[in-house]
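Colleague: Chains as they are written, first to last, in numbering that gives the first Met the number 0: chain A, 0 to 491; chain B, 0 to 102; chain C, 0 to 626.
Calculated directly from the structure, the hints in this document are not laboratory data.
Nothing here was measured: the structure is a model prediction, and the numbers come from that model.
Take these hints with a grain of salt, some might be off.
[To be verified] Restraint ranges, calculated between C-beta atoms of paired labels, are given here:
(1) C:Ala411 with A:Leu487: 20 to 28 Å
(2) B:Glu74 with C:Ile576: 34 to 42 Å
(3) A:Thr295 with B:Leu85: 35 to 43 Å
(4) C:Asp550 with A:Thr295: 21 to 29 Å
(5) C:Ile618 with A:Ala68: 30 to 38 Å
(6) A:Gln194 with C:Ala212: 41 to 49 Å
Backbone N, C-alpha and C define an ideal beta-carbon position, used for all residues, glycine too.
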Amino acid sequence: MGILSIILFMPVIGALLIVLIPASNVRLTKYTAFVFTLIPLMLSLYLFGSYDRMSGGFQFEEFAQWIPAINANYHIGVDGLSLSLVLLTTLLSFISVLVSWKTSFRPRAFFAWLLLLETSILGVFVSLDLLLFFIFWEIELIPMYFLIALWGSGRREYSAIKYVLYTLFGGAFMLAGILSLYFTAGTFSVVELYQTDFSLLAQALPLAATFFLFFIGFAVKLPVFPFHTWLPDAHTDAPTAASIMLAGSLIKMGGYGMFRICLGLFPDEAQHYAPLILALAVVNIVYGGAITLKQTDIKRLIAYSSVSHMGFVLLGLFALSELSLLGASLQLISHGLITGLLFAVTGILIHNTHERHIKKLGGLARQVPVLTAIFVVGGVGAMAVPGTSGFIAEVTVFLGAFSTSVVSSAPVFTLISLTGILLAAAYILTTLLKVFFGPPKPTFDHVHDVTLMEKIYCGVLVVCIFAIGLYPKLIIDILEPVVASMALLWGG
Amino acid sequence: MAPGLEHYLILSAVLFSIGLFGTVVKRSAVLILICIEIMLAAVNIALVAFSRFITPVELTGQLFAIFVIVVAAAEVAIGLAIILALYRQRHTIDTKKIDLLKW
Amino acid sequence: MSNIPEILIWLIPGLPLVSFGLLLLVVRLFRNRSVWNGYVAIMATAASFCLSIWVLFNIIKSSEILLIPGFDWLTLGNVINVKIGLIVDPLTAIMLVVVTSVSLLVQIYSLGYMHGSKSFNRYYAFISLFTMAMLGLVMADNLLVMFMCWEIVGFCSYQLIGFWFHRQPAARAARKAFFITRIGDFGFLAAIILIFSSTGTLNVMEIHSMAAAGLVSGTIITWATLGIFMGAMGKSSQFPLHTWLPDAMEGPTPVSALIHAATMVAAGVFLVARMYPLFEHSQTTLATVAIIGGITALFAGTIALVMNDIKKVLAYSTISQLGYMMLGLGLGGVAVGIFHLFTHAFFKALLFMGAGSINHSTGTFDMRKMGGLARLMPWTFATFIIGSLSLAGIWPMAGFFSKEEILASAMANQPVLFVLALATAFMTAFYMFRVVFMTFTGRCKSPVKPHESGRIMVIPMVVLAVLAICAGWFNATGGFSGLLVSDKAHGWLYGIFGILSHPLAWISLLVASGGILLAWAMYYKRWISPLKVSSRFWAPYVIFSHKYWIDELYEKYIGQKLLNSGLFNLFNRFDSIVIDGVVNDIANLNLSSGKIIRRVQSGNLQLYALFFLLGVAVISILAMLAR
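Turn these sequences into a full structure, and let the hints guide you.
Modeller: What follows is the structure, given as structure tokens:
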């Protein structure tokens, strides 16, 4: 049992332990959740430090036979991208536990589901076997469904079921894709599939069809227009911790999947259909940004901004140059941190003011200065002001996508996408103006500012955002081998 | 003329049909239970007959029949218990009135 | 030049950064003595200022360019390699001195102006960050790093305009400033990615040498420079992206002096100057720069004629002067534009400080509520007059010399633009002295008794007044221009007095004094009633005082009607009605069809058995038939 397996299963063990704790002992429940998310965080930090950046490739691999009859194995391992995402997930899970510290409604079940969620997301990032990947992909639905449906707000049942149906819809396509690959190449192993030349084999389905099966599966998750409408509902109605996990780490599964499978296994199809997908990316960015501007619910606004930001991921991925791939990977991580922070601070805001409509909020900067400052930092990241990770990520996407030699139409799409930063500035600045600035309202005179613990976990995210923004080498180092070897598929 | 396989099978089929008819049309749950027993008995006859005429050396059919009898006994016990519980709850065992399992 | 230790050059932007860190991150440091926040920032800037002066003298002495390679920042294989390195050339050195000196004086002035503010640490923290980013901007050797500093100064400007965030207009102005400059940044960023994709580098020096070697195609240079200029238009508030600057006057006045008069708004001019070797390869762009500059100069000047808020007049005057600088850059080259930037920084900062001083004692910016302040605030009056004379371009003030060069290059190249520039010069003189007469002469209408500001505010003004007089003499020997472009030098006596032997000098002096005289006649002697003039020329008056309705056009029509309730609303409705609608309709279809089909589920077990039986029968029959 390697470290990676420990990271992967620690949370679920924690969840089982929590179930065994008597319901009356809330303190013990919380501390168990705390410990069992802290350990994976520490371990993944350790892995992040000890990953060999020189040799790259999959490291910390573990292999065990699972279902020999169909050649499915328990095969896990990480490269730079998945390791970064693992670290992001463990960090956000840990923070989610802290965010939910005050949960009073059935805390035992809540934390158990939260921990199970962590394991399932981690599983997606570390699996090197497609069947294992798929199972973790689908398991994740169950905890998220309950987290939204039981601890959510608003139309929570509707949102929860919508989320589940959408993901199942995408998952069905993905399963078909996995089967198609399996019946073509006879293996579920990602590593083996990387080395397989499908054109030499009898294909179960045309390769383009398989590519799109996977693409749709991931597009639902990312989300890509027109499969995006689950996102605002789910993010808005979910409890804060679940929103953080959803926006911060769960939708990254889509981008990760596209990188690993759509690009890694189908380079020719990816190149061939790149213009179409880039067009979708532009729609995501511009259309998503425009709709964000029209939102009146602060949480929904942040949710919609994710649609726009994930468009940059799509743009970077399918521009297919080394730099753009780096940008997309950076954007995955950076958006996780920034949106995680924004949802965390919005959760505090809504909790303290009991108000979520932007029009009814206003002038809070005087009453809750620290909260305002944290929100400003998150907003600054979301509109890609230099110094934050958002800037590095987006500017790298732009530079890479514009200068790509693989997709000839990419420069045009990149230029249109640049308006995304204008839209981001518009909605962030407007939100800041309407919610925090302007004359203070007496209704909010007695609103509490952030507590020490809230300061700490927001502070962690703030530090991460600026650390990457000011010293991007921190994370580019580990991503470099991944994107470099990926870019070789199109001749570097 | 000694009875052949077909006679036994005809008997079995007739008994089965009677049981089936009763199961479908009777309204009393107890009667339906009895009809199911008749159907099981019909199957037993068929099993034993096949065994006797086709593979006389091996006693597979007989063995199966005994299984069926055992299972039928268990089934009657549970079935009657359910009917009893049902009667206590709803004061009727008329199947037309017991249709809670619908849309 | 090589005798300068690199570390000291790094300290120039580094010290304000340290000050920012101390003030913002270690919030509790000076909790009870908030004025100490100011001292920390001032000390840091003062040290930077001394270093900058020293660098400038070294540059003048050795006149070579110092390139500090710096360290890797954003690298990916051989695809991209962005280093944070520094260029120290004459342009940088001049800008360093401008930025640090004005910043230092403004910070000292702020001690008095912001006295009693609760958020001293926030104020000084952002001023420090601004100073750092501005210094970084002028020193950076890389377009991406420049863009970063560019955005950070924008963010600081946002924070400082919205310093009194509880006031709705201030908060709105902050948003507007950030957003409109972002429109310009859109062009800048596009230019950066265009340059990167065609040259593979972002290093300014490498780009210049590649362009000089003819390795970059002309079309690309034109588009790239136009993009860069768009960025400059946003930051330097050029028409049509000028609307944010007048609104930005909602910020504290020292901030207006530093950011919105002397330094940040001049960053656009600096950017064009920095990238001038690239601009030189595109006549189209240079012409665009000159034309936009000329239009902006005249256009903003006309609005300044009719404003009643003293800061608004100064704001439009700044826009107009920035247009002048652009005009100078487009027609005359780096030295001409930057020289005006240099002198303008001092006298405009001075004028803003004067306005701040007036506001400090009268509590208003509305000139109609002022008057007769000359006796009550003698220092402010004296320095303000000097600033106004300098801005109006009266010999031998600084403004005269720098304006003269722009006019000269305009006359040599573009007669139309020369006329525009001359008209602007006339208006500049007129509106500045309109301010002077309305504010300082006549009867005092202020309800409170005005008084002279404290020494802490007066001293920076006096220093700036001295600079506003003599900053122009730096180029008397041609030495200033000589730093920037190789130019033949001449004696300083000739520079200061000999210039009067040119007819152009007399023309511009005549025009400027004409403007002053007209203002004197209208607002001091009241020979001509301003009311009558405005009713006589009601059409231009209405247009000017409504600022050509450009704010309305942008905010109400484009922003609100076209985009917000038009396009974006359409998108939003499309999203909820079509996209989400289809999804919900599919779900509802399933539900309603289920509603019908579920009737089959009667709950009667015997019926199910019957169906089962029928099913078996059908299958058996089919099986039989198939056989």
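Colleague: Hint by hint, which ones does this structure get wrong, listed from lowest number up?
Modeller: Hints 1, 2 and 3 contradicted; others consistent.
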